Amino acid sequence: MFETCADPSQLSGLKWLACYLTTGKHMGFYSSFVTVMVLLLITAPVSLAFGFAGATAARAQFAPLRWLGKGYTSIVRGVPDIAFFLFFVIALDQGIEYLRHKVKCPGWDQPIRQGNDFVVCTEAKMPLSSAASWVHESYGFALAVLTFAIVFGAFAANVLYGGMRAVPRAQLETAEAYGMNSRQTFWRVLVPQMWVYALPGLSNLWMILIKATPLLFLLGIEDIVYWARELGGSKTARFTAYPHGDWRMWYFLALLVFYLALTRVSEVVLGRLMKRLTHGQATSGGVTS
Amino acid sequence: MKKLILSAAALALVTGMAMADTVRMGTEGAYPPYNFINDAGEVDGFERVLGDELCARASLDCEWVTNDWDSIIPNLVSGNYDTIIAGMSITAERDEVIDFTQDYIPASPSAYMAMSMDADIAGGVIAAQTATIQAAFIAEGGATLVEFATPEETLAAVKSGEADAVLADKDYLAPFVDESGGELVFAGEVSIGGGVGMGIRESDAELREKMNAAIQSMKDDGTLNALILEWFGEDAATF
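Heads up: the protein sequence lines correspond to chains A and B, in order.
Last residue of the first sequence: 394 in this note's numbering, with the numbers rising by one and none dropped.
Last residue of the second sequence: 337 in this note's numbering, with the numbers rising by one and none dropped.
Bound-form chain A, shown alone (with noise of 0.2 Å):
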């Protein structure tokens, strides 16, 4: 980066580490916090989405529409996420194209299955084999969040399911007796009021959401993990102008560092949120001032 760089064994101290810090390779480990930090911002919001059509399907009157809500909360939980992960985007994946295989190449006479492999035509490679690298890892990314959001929602849904069931009789049986009906008893009283008994519930899931990043390597996207390990491990001369031993303890520390303001800053948000979201109601955490 710097011209100084040129000749990294001529340096030493700080200026070597300058150096060190901002070779290509470590553009990829600091552009890689981006990923993992955009991931969590648009996984929190689908699959609070995810959970939210869940917990309200598992409410239903209507029974299949019920069993459908609490089988996807059951199913999804049980599973554990590393299975779920592995099996679940590849089966997407040979999903999505096996329908574009079938719009795309009616003419088509080879088996999709030959064997171990898996085969449809090259129009239907989803995305285009040709299509650029960006394009491949959006698409990884794409699937990644999906992913998440159905197995974070899954979760999610059974937390405001609780929620839901934790809100006073009384609340909406006075919301009846002002004549709302039942879908503005749902969203003029029961939502906004159910978030007080959901909130610790989600709060623990955007923690563990936050820790579960490392996942997304099993996808094929290089996250925080995967550079920390292989910028740490040691390095011979003959392959890098940096030589170093094993450094991985500090990657990793630099890791711990970056979890744990993470969790800091998530705690001071949610608290203000909580308070928000208590302000004025009859519980002992919304004492009106």
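For the record, the hints were derived by calculation from the structure and aren't laboratory data.
Because the structure is a prediction, the values reported are computed rather than measured.
A virtual CB, placed ideally from N, CA and C, is assigned to each residue, including glycine.
You may find that some hints are simply not true.
As the list claims (entries may be wrong) - Some chain A residues close to chain B (C-beta under 8 Å, calculated; not the full set): (1) Gln199; (2) Gly220; (3) Asp222; (4) Phe223; (5) Arg334.
Claimed, not checked - Calculated lysine-lysine pairs in the DSBU-like style (CA-CA distance at most 35 Å, straight line): (6) A:Lys207 to A:Lys175; (7) A:Lys130 to B:Lys257; (8) B:Lys317 to A:Lys120; (9) B:Lys268 to A:Lys130; (10) A:Lys130 to B:Lys317; (11) B:Lys257 to A:Lys316; (12) B:Lys317 to A:Lys230.
Chain B: place on chain A using the hints.
Just chain B, lined up with the frame of chain A:
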């Protein structure tokens, strides 16, 4: 105007066909000198140079992808990339699942690396990377096998004393031994596995033929031998 549209469509078709020749090359990026990530964050190593040359000779447009060693075969058969070029030895077990091109590195020895020459390589604890020919070799022998996901972790296990020795390709271990200043030594050598070839889906015979022809042409004009000597040292086995 109509002509313009027609020629634009023809052009799009032609470029589309040219683009369809993109071949995605899957590698691990953690096994120098075969393949590794260089300081600039790009795939580098013997296989990067070799792969680019093979693609040029077969007039293919190649793009490099890194993938975890553990899931490198499942992702190939599922079509996420088209070749595995990651120092993968040709074995009968792997050949049942995928196909290989002819070898581009002749059979080279594996070596035990330990902290001292008298490490117990016959009955001690030996580290190896998961799903490698070395791991399979130890599992069949009398020693206790500990497996790790990356080559780097197998080295760390020896340095921390968790394992008595590590078994890996000698070409991978050699730079670490050379630069350790006597701390690390070779405690033995074994010959396992055949040569190293490029893994290709069984249904992709066309690509295999193209790559086979390109490898053959590099063998015939001596460039492959020169490349092997450049990356693996003067003593390396050649064709």
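Q: Decide if the proposed pair is consistent with the structure: lysine 130 of chain A and lysine 317 of chain B, CA atoms, cutoff 35 Å inclusive.
A: Since the Cα atoms of lysine 130 of chain A and lysine 317 of chain B sit roughly 34 Å apart, the hinted pair holds (cutoff 35 Å).
Q: Verify the proposed pairing of lysine 317 of chain B with lysine 230 of chain A, using a straight-line Cα cut of 35 Å.
A: 34 Å, holds
Q. Within 35 Å, alpha carbon to alpha carbon, are lysine 257 of chain B and lysine 316 of chain A?
A. Answer holds: lysine 257 of chain B to lysine 316 of chain A is near 29 Å, not above 35 Å.
Q: Given the hint that lysine 317 of chain B pairs with lysine 120 of chain A, test it: the Cα-Cα distance must not exceed 35 Å.
A: 45 Å, violated
**Q.** Proposed interface contact between glycine 220 of chain A and chain B, which counts if any beta carbon pair is under 8 Å
**A.** 6 Å, holds
(Q) Against the 35 Å threshold, does the CA-CA distance of lysine 130 of chain A and lysine 257 of chain B hold or violate the hint? (A) 25 Å, holds
(Q) Can you confirm whether the C-alpha distance between lysine 207 of chain A and lysine 175 of chain A stays at or below 35 Å? (A) 32 Å, holds
Q) How about aspartate 222 of chain A: closest beta carbon in chain B under 8 Å, or not? A) 4 Å, holds
Q. Holds or violated: phenylalanine 223 of chain A as interface residue toward chain B, Cβ cutoff 8 Å?
A. Constraint on phenylalanine 223 of chain A satisfied, holds at 5 Å.
Q | Status of the arginine 334 of chain A interface restraint (C-beta, 8 Å, chain B) | A | This hint holds: arginine 334 of chain A lies near chain B, its Cβ roughly 7 Å from the closest one there, short of 8 Å.
Q) Per the CB criterion, is glutamine 199 of chain A less than 8 Å away from chain B? A) 6 Å, holds
Q.
Check whether the Cα positions of lysine 268 of chain B and lysine 130 of chain A lie no farther apart than 35 Å.
A. Given that 35 Å is the threshold and the Cα spacing comes to 27 Å, the pair holds.
Hint violations for this structure: number 8 only, all remaining hints satisfied.
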